[in-house]
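Asks: The residues making up each chain are set out below.
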Amino acid sequence: MSAMLYQLRASYAFVERNLNLIKRYWSWEMVWMVYSIAESLSVSFIGLGMERIGGTSSATGSYLVFYLLIGTLVWRFLSTIFYWITNLIGIERWEGTIEYTLMAPVRRVTHMTGQTIFAVSYAIFFTGVILAFTTLIFHLDLSRANLLGGTLMLMAGSFSFIGISIMASVLPLLFPERGEQMTHVFIALLLLISGVYYPVDVLPGLLQKLAVVSPATYVLTGVRRSLLEGLPIADLWPYIWPVLLMGAALIPAGLWVFGLAERYAKRTGKLHRNG
Amino acid sequence: MSEAIVVNQVYKRFGKPAEPFWKRILRRADGAQSNDGKSGSDGHQGAARQDSPGSNGHTEKPFIVAVDHVSFTVHQGEIFGVLGPNGGGKSTLIRLISTLLLPDEGEVRVFGYDVVRQPMQVQRLVNRVSVEASFFKKLSPMENLLYGARLYGLTSRETRAQVIAILTRLGLDQRSIFHPMEEMSRGMQQKVAIARALLSRPRLLLLDEPTTGLDPRSKREVQAVVEEMRERNGTTILLTTHDMVEAEKLCDRVAIMDGGRIVALDHPQELKRRIQPREGRANTLEDVFLELTGKQLVNLDEIEVED
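If you're matching them up, the sequences are chains A and B in order. Residue 15 in the numbering used here sits at position 15 of the first sequence, with consecutive numbering throughout. Residue 229 in the numbering used here sits at position 229 of the second sequence, with consecutive numbering throughout.
Keep in mind that the hints are not guaranteed to be accurate.
[Stated by the list, open to error] So, partial list: chain B residues that the calculated Cβ filter (under 8 Å) puts toward chain A:
hint, residue
1, S98
2, S134
3, F135
4, E143
5, R150
6, L151
7, G153
8, L170
9, G171
10, I177
11, F178
12, P277
13, L292
14, G294
If you're looking for bench data, these hints aren't it; they were derived computationally from the structure. Beta carbons: idealized from backbone N, C-alpha and C, even for Gly.
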């Protein structure tokens with residue numbers, strides 16, 4: 001069997017396994033879905049609330065709703081990718097299967113590819129369901145929106161998040177007991193500095209400087225400009241190239257860091273100790 | 001006869017888990033000078049001997065020697081047993097052979113491939129069954145085994161038929177093959193673990209106490225499968241066990257490990273001849289172990305806990 005076919009089959013193993021896990025944990029997925037929809041609606045209602053609290057016009061209120069809704073949906077998409085990829089090791093620690101997966105003749109890039117394909121596909125589905133529900137509640141004016149541009153921006157941004165996620169997935173490998181919880185720090189910091197619910201220029205100076213290196217900043221700005229202002233795809237390039245560049249650097253860097261961490265775990269016996 | 005496994009002067013040690021920060025502060029405040037490695041406990045099953053490096057022991061972390069310059073070879077098609085108490089280094093040895101641990105010193109070769117430099121080649125030839133049957137508990141045996149088989153390049157179609165054949169051969173009814181693993185007994189889960197290893201048709205099968213916790217009937221079924229693997233496929237098998245009868249029944253040669261070292265290695269009959277008969281009865285491997293190590297093979301405290 002050719003090496004390529006062998007690795008392709010191995011890659012599909014992770015997609016199929018995760019689909020089976022979703023199927024078996026369907027009630028938990030439903031709970032998480034309801035929670036995510038409720039959260040997106042709550043945040044978006046702040047926009048309407050501003051009409052009452054701040055006395056803003058109805059047009060401004062609608063704009064705010066759309067602004068916040070984009071923030072919640074983009075963030076849900078990116079964080080779903082993040083958590084599924086960082087779960088690469090965490091879930092196997094939890095189940096105790098990590099040694100069996102890591103002793104299989106599977107290249108780590110194959111392992112990551114399978115997990116990433118699933119993560120991105122599931123993030124699209126999950127975010128799509130939330131989008132469907134929220135559009136039922138809010139009557140959004142999409143007449144000016146460049147939907148294709150927004151989608152393209154989101155997809156480009158997912159590459160950089162894949163790299164960040166691979167780096168973060170090292171934590172459960174190195175810290176069997178608390179590594180999974182430590183990955184939340186990554187996502188919390190990105191949430192703070194990337195302007196998910198506010199423009200980054202309201203942040204203090206230092207945080208604004210950090211926002212420049214967060215791929216989510218470019219994704220959010222690009223998606224907002226394409227959906228709220230109808231920016232054409234060609235004009236999205238200033239937001240697309242930084243995230244593509246970050247992805248091109250972070251994905252190989254993440255794989256390299258993961259390789260080092262795996263070697264360290266095999267040297268120190270950290271694979272065996274279940275968290 | 002060509003060699004399936006060559007273990008040459010392998011040494012493996014683990015650092016002890018660090019003492020919590022607050023304990024260190026308290027100890028310093030008390031002016032305690034103790035640094036003898038007695039505080040805390042270690043999570044490594046393979047822990048064999050505790051040592052503290054350095055002359056004063058204050059600057060370097062104490063460590064545990066799990067495998068201490070061990071050398072042996074296993075011939076192709078052989079069933080090779082490793083006997084020893086808990087913490088004797090058996091599981092660490094298996095992890096070193098299966099590429100899950102890197103040796104600090106020495107060399108391990110599997111069918112000529114170096115486990116450190118050529119892990120992928122080794123992994124294609126090896127599979128392992130450990131004492132804990134580790135699975136995705138919500139998934140069924142079929143789903144778990146499909147996942148495992150795909151990692152070894154098998155297709156869904158060929159795997160499905162094989163899963164049913166192997167599991168029914170091991171005594172599982174077809175219905176349970178499609179129900180979550182969490183609904184199965186430990187013995188049944190262990191059989192699924194054996195099926196997972198068999199599916200990839202390994203040339204070397206590493207069995208780390210595969211029958212621990214199984215009822216006598218299941219134990220016999222598993223032992224029969226192990227013998228069948230060797231007879232039909234010529235599979236080389238390295239088996240660690242506490243069970244002397246099992247070792248004697250299955251193994252061509254047996255190594256006795258204690259404190260991370262091999263204290264004896266020979267055919268079971270030869271090992272029994274090495275010691276004087278006791279109380280007029282024939283020697284058992286248990287007698288040999290007791291004589292060579294001065295220890296009971298199974299700790300009596302553990303039996304009470306298990307009961």
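Asks: Determine for every hint whether it applies to the structure shown.
Replies: Quick rundown of the hints versus the structure:
At a threshold of 8 Å, the smallest CB-CB gap from S98 (chain B) to chain A is about 5 Å, leaving the interface hint in force. The beta carbon of S134 (chain B) comes within 4 Å of a beta carbon in chain A, closer than 8 Å, and the hint placing it at the interface holds. Taking 8 Å as the C-beta cut-off, the interface hint given for F135 (chain B) holds, the closest approach to chain A being about 6 Å. For E143 (chain B), the interface hint holds, the least distance from its beta-carbon to any beta-carbon of chain A being 5 Å, beneath 8 Å.
Proximity of R150 (chain B) to chain A holds as hinted, the smallest CB-CB distance being about 3 Å (cut-off 8 Å). Interface restraint check: L151 (chain B) against chain A, minimum CB-CB distance 4 Å, threshold 8 Å, status holds. Because the closest C-beta pair between G153 (chain B) and chain A is about 4 Å apart, less than 8 Å, the hint holds. Annotation: interface hint on L170 (chain B) violated; nearest CB of chain A at approximately 18 Å, more than 8 Å.
Of the supplied interface hints, the one on G171 (chain B) is violated, with its beta-carbon coming no nearer than about 22 Å to a beta-carbon of chain A, more than 8 Å. Hint on I177 (chain B) is violated. Least Cβ distance to chain A is approximately 14 Å, over the 8 Å limit. Annotation: interface hint on F178 (chain B) violated; nearest CB of chain A at approximately 12 Å, more than 8 Å. Interface restraint check: P277 (chain B) against chain A, minimum CB-CB distance 41 Å, threshold 8 Å, status violated.
Among the interface hints, the one on L292 (chain B) is violated; its C-beta lies about 27 Å from the nearest C-beta in chain A, farther than the 8 Å criterion. Below 8 Å, beta-carbon pairs count as interface contacts, and G294 (chain B) has none with chain A, the closest being about 28 Å; its hint is therefore violated.
Going down the numbered hints, you'll see the structure goes against 8, 9, 10, 11, 12, 13 and 14, while the others check out.
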